[in-house]
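Engineer: So for the sequence shown, the numbering used here puts the first residue at 1; every next one is plus one.
I should point out that these hints are in silico values taken from the structure, not numbers from a laboratory.
No experiment lies behind these values; they were computed from the predicted model shown.
All C-beta atoms in this analysis are idealised placements derived from N, C-alpha and C, irrespective of residue type, glycine included.
Some hints could be false.
[Said to hold, decoys possible] For each label pair, taking beta carbons as the anchor points, the in silico distance ranges come out as: (1) L46 - E117: 20 to 28 Å; (2) A93 - L279: 36 to 44 Å; (3) G15 - G41: 53 to 61 Å.
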Amino acid sequence: MSLTRPADPVPWPYGARAAASFTFDVDAESAVLAASPAAAGRPSVLSHQAYGPLTGLPRLLRILARQAVRATFFVPGFTAHRHPDAVRAIADAGHEIAHHGYLHEPLIGVDPAAEAEILDRGLDALQEVAGVRPAGYRAPMWELTYDSPRLLAERGFLYDTSLMDADVPYELATGLAAAPSIVEIPVHWGLDDWEQYCYLPGISGSGLIETPAKAAELWRAEYEAMRREGGCFVLTAHPFLSGRPGRAAALEGLIEYVAGADDVWLAPLGDIARHVRGLDLSPRHLSRP
């Protein structure tokens, strides 16, 4: 994949020099079942995932309430159907709910018709359970296809957050005349708690589980550098991982630190995308290598 030009600088609102957002992927059982359908017969593995909506998510919602921070939660449709009360609790707390597939399906090799079906199934689930039509999308495992921008635009999405090629959001071309671009808010693996904490035998991880102090040190260093660069810091966490007590305490320390900065705009991704949309940036184009 190549892009035709670098991202334009983004002037942030309220005199801020940078932006930041805390985001949570509420995968629950979906991520494991998509990667390993046989895990349906492994109740201990599934309990590791169910910890997210059952125990970790309520703790994280309490932390966000204490810090008066609004976040973005990416919810697979399967999670909404299996844990409706948890998903409604996110909405009731005033946080943004965004799309994350139905069963956390990997999109590698998926044709446009099948991808469209996954998008629609996830949209229907979030509407049914939480009464929301999400503005944002995050591809499972951050794996977009070349058809994704068009498919998202056709369904009225404002933004995606799956690519990794910039420090600031930009407009991503869709190839449609009626909706020529969606906002892209870049991410990267260094700001994902999966790489720090996740271990499931035979499914994911090496067995090396980092300490919360090490993870928080890494994320704070990335935040400080992004702050100096005027970029957009986006942390991705999972309630089944970062919702555990020691990790949640370390995360709260980081949230409190970021929220206390008077030169950083801390907002849900939807607010960031709407700001970028108002800048009238020229779209960038994906092109196959």
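Engineer: Against this structure, judge whether each hint is valid.
Structural biologist: Each hint tested on the structure:
no.	hint	in the structure
1	L46 - E117: 20 to 28 Å	holds (25 Å)
2	A93 - L279: 36 to 44 Å	violated (29 Å)
3	G15 - G41: 53 to 61 Å	holds (55 Å)
Violated hint: 2 only; the structure is consistent with all others.
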